[in-house]
Amino acid sequence: TQLLEQSPQFLSIQEGENLTVYCNSSSVFSSLQWYRQEPGEGPVLLVTVVTGGEVKKLKRLTFQFGDARKDSSLHITAAQPGDTGLYLCAGNNAGNNRKLIWGLGTSLAVNP
Amino acid sequence: DTGVSQNPRHKITKRGQNVTFRCDPISEHNRLYWYRQTLGQGPEFLTYFQNEAQLEKSRLLSDRFSAERPKGSFSTLEIQRTEQGDSAMYLCASSRWDRANGYTFGSGTRLTVV
Chain G
1 TQLLEQSPQF
11 LSIQEGENLT
21 VYCNSSSVFS
31 SLQWYRQEPG
41 EGPVLLVTVV
51 TGGEVKKLKR
61 LTFQFGDARK
71 DSSLHITAAQ
81 PGDTGLYLCA
91 GNNAGNNRKL
101 IWGLGTSLAV
111 NP
Chain Z
113 DTGVSQNPRH
123 KITKRGQNVT
133 FRCDPISEHN
143 RLYWYRQTLG
153 QGPEFLTYFQ
163 NEAQLEKSRL
173 LSDRFSAERP
183 KGSFSTLEIQ
193 RTEQGDSAMY
203 LCASSRWDRA
213 NGYTFGSGTR
223 LTVV
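Chains as they are written, first to last, in this note's numbering: chain G, 1 to 112; chain Z, 113 to 226.
It is worth saying that the hints were derived from the structure and are not from the lab. Beta carbons are placed, not taken as given, at the ideal position from N, Cα and C, and that holds for glycine.
Derived Cβ-Cβ restraints for the label pairs, each shown as a range:
1. G:Ser-7 <-> Z:Asn-130: 36 to 44 Å
2. G:Lys-56 <-> Z:Glu-168: 23 to 31 Å
3. G:Pro-81 <-> Z:Glu-156: 26 to 34 Å
4. Z:Pro-120 <-> G:Glu-38: 15 to 23 Å
5. Z:Glu-140 <-> G:Thr-62: 28 to 36 Å
6. Z:Gln-162 <-> G:Ile-13: 35 to 43 Å
7. Z:Arg-176 <-> G:Ser-7: 32 to 40 Å
8. Z:Gln-192 <-> G:Gln-14: 46 to 54 Å
9. Z:Ser-174 <-> G:Pro-81: 37 to 45 Å
10. G:Pro-8 <-> Z:Arg-208: 29 to 37 Å
Taking beta-carbon pairs under 7 Å as the criterion, some of the chain Z residues facing chain G (in silico):
11. Pro-155
12. Phe-217
13. Gly-220
Work out the full structure: start from the sequences and follow the hints.
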């Protein structure tokens, strides 16, 4: 069974701090997606990474896909209270095109 | 396009009652997914449609759950004889056939079984 492990599970930081969230697996993924979810809402896609070693930037967010396409990281610079939410990673199984494999998420709280 | 729409947003029902949820996906997306999510957990796959065909159904889904997408557009998820353990957020998502832009999720239906 494929698993995506996210760490840390919970993170509470002060506004202005930097943070990194990790998404790890022993399996290879054809691509990996990061979502952000606010309470009472559905997840919203932030980015899709496809190529091993790929780095994508979205304003203060930097996403990296591992060279072996087994892991990914999300780095937030100068976090703001608006970054608060549940960050989820989800991987596309190269052999099963039908559904994503989801991590359990990292719950981030950025305090003013 | 207004995105993926789910109705109702909230549903409170008594144990043993039947409930039905509706999902209207993005019109040009031919793939539609139903997920269930409980507090502090990631989305849990329930079932998946490509056009009107239901191609996969999770083994976690008991016979009390049924989903349809009769014309390949909107979809319904019905839960019969609800149990307290069915209380969760039910999420619908749609995507293009190649999922190049990932999934677009609706806002979900929050079910509470009392």
